[in-house]
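K.L.:
Protein chains in written order, with our numbering: chain A, 1 to 296; chain B, 297 to 538; chain C, 539 to 898.
If you're looking for bench data, these hints aren't it; they were derived computationally from the structure.
Computed from a predicted model, the values in this text were never measured in an experiment.
Please note: incorrect hints may appear among the correct ones.
Unchecked claim - Straight-line distance between alpha carbons at most 30 Å, and here's what the computed DSSO-like set of lysine-lysine pairs gives:
| hint | chain 1 | residue 1 | chain 2 | residue 2 |
| --- | --- | --- | --- | --- |
| 1 | C | K622 | C | K690 |
| 2 | B | K358 | B | K402 |
| 3 | B | K402 | A | K82 |
| 4 | A | K82 | B | K358 |
| 5 | B | K402 | B | K472 |
What the hints assert, rightly or not - Here are some of the chain A residues that sit facing chain B, going by a computed Cβ distance under 10 Å:
| hint | residue |
| --- | --- |
| 6 | R158 |
| 7 | T175 |
| 8 | S287 |
We put the CB at the ideal spot given by N, CA and C, even for glycine.
Chain by chain, the residues:
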Amino acid sequence: MSNVIQYIIDGIALGAVYALAAVGIALIFGVLRLVNFAYGELITIAAYVLAVTSNWWLPLSLLAAVASSVALAVLTDRVAFKRLREAPPATTLVATFALSFALEAVWRLVFGVNGRSADVLGALNTTAISGAIDVRWVTIVEVVVGAALLSAIAIFLRRSTIGLQMRAAASDIRTARTLGVRADRVILSAFVLSGVLAAVVAMLLTAGSPLVTPTLGLEVTTFALVGVVVGGMDNLVTATLGGFVVGFVNAVLGDALGADLRVFLSSFTYLAVILVLLLRPGGLFASRRATGAERV
Amino acid sequence: MSEVATAVGLAVEGLEVAYGPVTVVRDLTLNVEPGEVVALVGANGAGKTTTLSAIMGLVPAKAGAIRLGDRSIAGFRPERVARAGIALVPEGRHLFPAMTVEENLKLGTIGRRSDDGLAEDRAWVEELFPAVRDFSGRRAGDLSGGQQQQVAIARALLARPDVLLLDEPSLGLAPKTVESVFEALTEIRRRGVTVLLVEQRAQLAIGFCDRTYVMAAGELRLTLTPKDAGDSARIVAAYFGS
Amino acid sequence: MSRARTAAIQLLGPIALIVIVGLLGSASSGAHQIDFVNALVQTTIVIGMYIFIGNSGVISFGHISFVAIGAFVAGVLTIPSVVKPTLLPALFPLLANHSVSPFASLLIAAGAGALFALVIGAPLMRLGGLAAGIGTLAVLEITHNLLRYWEKIGPGARTLSLVPTTTTMRVATIGAVVSAVVAYGYQRTRAGRLLRATREDPAAAAGAGVRIHGQRLGAFVLSGAVAGLAGGLLVHALGSITTEQVYLDLTFVTLAMLVVGGMNSLWGAVVGALLISFLDTYLGYAENGLDLGLFRVNLPDGLSTVILGAIMLAILVLRPSGLTGGREFRIPGLRRRATPAQPDAEEEDGGAAPAAETSA
Ligand SMILES: Nc1ncnc2c1ncn2[C@@H]1O[C@H](COP(=O)(O)OP(=O)(O)OP(=O)(O)O)[C@@H](O)[C@H]1O
Ligand SMILES: [Mg+2]
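Kindly produce the complete structure, drawing on both the sequences and the hints.
P.N.:
Below is the structure:
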């Protein structure tokens, strides 16, 4: 019994982190129909900034991390994606790889290949509850921050005018524009918001394990993107749930598989992904109305 | 009900639109005087929707001038056209199906130049279209076609446009509902909103509108007035080959 | 100009380019030969991807798993049987007790690629768009994971070494040429043209009675065979390989090659692959000091990858349909003069309208 509770707690914590990354990816996809593999680099830069500023006053360090990923998000749009709005989907997809590829090389160049330690929130990596189940502070923080931020975003999208406009643009940007919704502003908001989310993901990841490597963000992004598609890309809620489920399943399988099978964790996860795609190509949580299979 | 400020007209001159290599609208000139209701009729594929899209800035015009009042709006992006005072009720309504009727209406107000009089405008459209009030909490995608059309027109009106572009508002509606749409148009006209209406039911349009342009293969072929209603019905029928 | 002549020119362009690279490679100094072999093998991989992605318009992240399987099958079957017990102690008896010639191993690699593509394609080809992309990515992840940790089928996380290095310049050239001929031959068949019709307009093609699933699966299996062959060529070129060499990086780079060249044409696949491959190589050299005659370039370590990424990005921004615009090779001016009035629907992107194709 305590085993199961342990699995569930770990699953929820990792699920919350992936869900945050999934929202960041789904926001951009919703507004621009852009599958952004370079999203991971926003996480990476925030993590490196945490590493570099780890001896600063904590709030300042966190703020610097947010600023860096927001700036990079806006910059990548200005430099690359903005010019590719009309390009075929395969081109924009590969452009995001190329960008990710180049940025990863920049991180190697600037920060070295061996990784840096971002011990900003290391205090969280201590035991909060021990005994039958083990809970570290960071697990609690992941769950709380994840839930709080997701609710905040939900409220923002439902209640604020710009949030309403973002949802409209995600649903049908052409019609939204004919109503006076300023596309540029909505796109900018989406990039800013996705940058903020990336920074928070970076904080949570480095709190759990402070080593920052050039591929840190890419790994999370791949899983989150898989989650977004598995959940259903066309809708922020289903995409977020998808991210959560992938994180949850990954953590639970990681705990539950015996030592000899644990190395095959990603095979099990991805096998489940394939099964879900085949059974529900529009997304695990998509309503029957949405089909969504034929895109890109 | 608030008095409407002076009405504003719409003028299109020498408009040319192409999709890639194919020109679908050529040398189109039409004029909607302030407060007029003017119809654009023509067979499928004649270029009516394309004309409205070009006015709205949704497709680029290759040539030609578009003026709202005395202001040139050619080359404006759609959001700027909307904020300049033109609202479009598109073919197929294009509500945001997953959002509530209320949210759809709220989006209609984004393009308003001022929030003055919003409450009155709201009361007015609710009077025109009871569905707007009755279903305000429902998902727009769950409404019937006629109800959706009402929401779409209401959404456009909440922008308080000078010019309203309507693309086949009666498409797929029962005769009774079509009647109510035209009744609403009478009210809208009374308020001084300038209207350019694309309509397949030519007789209906010719009888109702101040003027009716007949379009074929991307060009204007004929201009009719209500005087021609009885007679022109045959001309137009010949035009459509029906 | 006759169709046959157009076809001949369209195929001869890519083949000529491959052969020229092969000849230049043979003439180059020993140390640089491996770069040319590498470029040719990468071209073969990209041609394999093109057969499916280019013709169907569906993105696949899974093709490098066919390359990986081809590489490991060809490698495990050709390392000397005397060293197998020490190098690969946990191997299945079937793999442990059999060895074949390098040439036979290439055929087996192609067969293994095709078989694997058939097994995973049969269910996955029902997906389109992003779901297909993620489904094939999942295949890549599973393949990599199994190859890395399942020591009954290979070396696991260790390096598979002592593979005979039989992919000479000649073999690499022939391999790339054969793949190009297969790819071009396929796209001229009825099946290839039907698949292209589904790429232009899936709904219309399905309405016209094209079985999309079957057509995609056919191309997927054929491209799996070419990718498997490329894997065999790769392992015999390098002599040793790890699972990391046939994973995400190679996936991204080869996809980028295809799209940068222009993913709708064979010419685009070949041009993109060779261009990016050589750029990568020479930018890498520039980090160690590259003599360009007039001046010496010496880039800081790691900058080459930044530049490569930036160049790819710039090409995509400036030419969203790729360097070739997705058009097949043609001799400049020749066609235009021959048929001035007819806009060449076929050459625009290699695929005419569905109706024209099915009635042809
Ligand atoms: N996005 C597009 N790309 C290419 N061609 C288009 C596009 N939209 C419309 N067309 C073509 O332009 C021509 C005019 O189309 P348009 O939609 O303006 O006609 P319409 O008069 O509104 O017809 P209907 O009465 O059927 O709505 C048609 O031949 C159509 O096929
Ligand atoms: Mg129309």
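K.L.:
Any hints from earlier that this structure breaks? Give me their numbers in increasing order, please.
P.N.:
2
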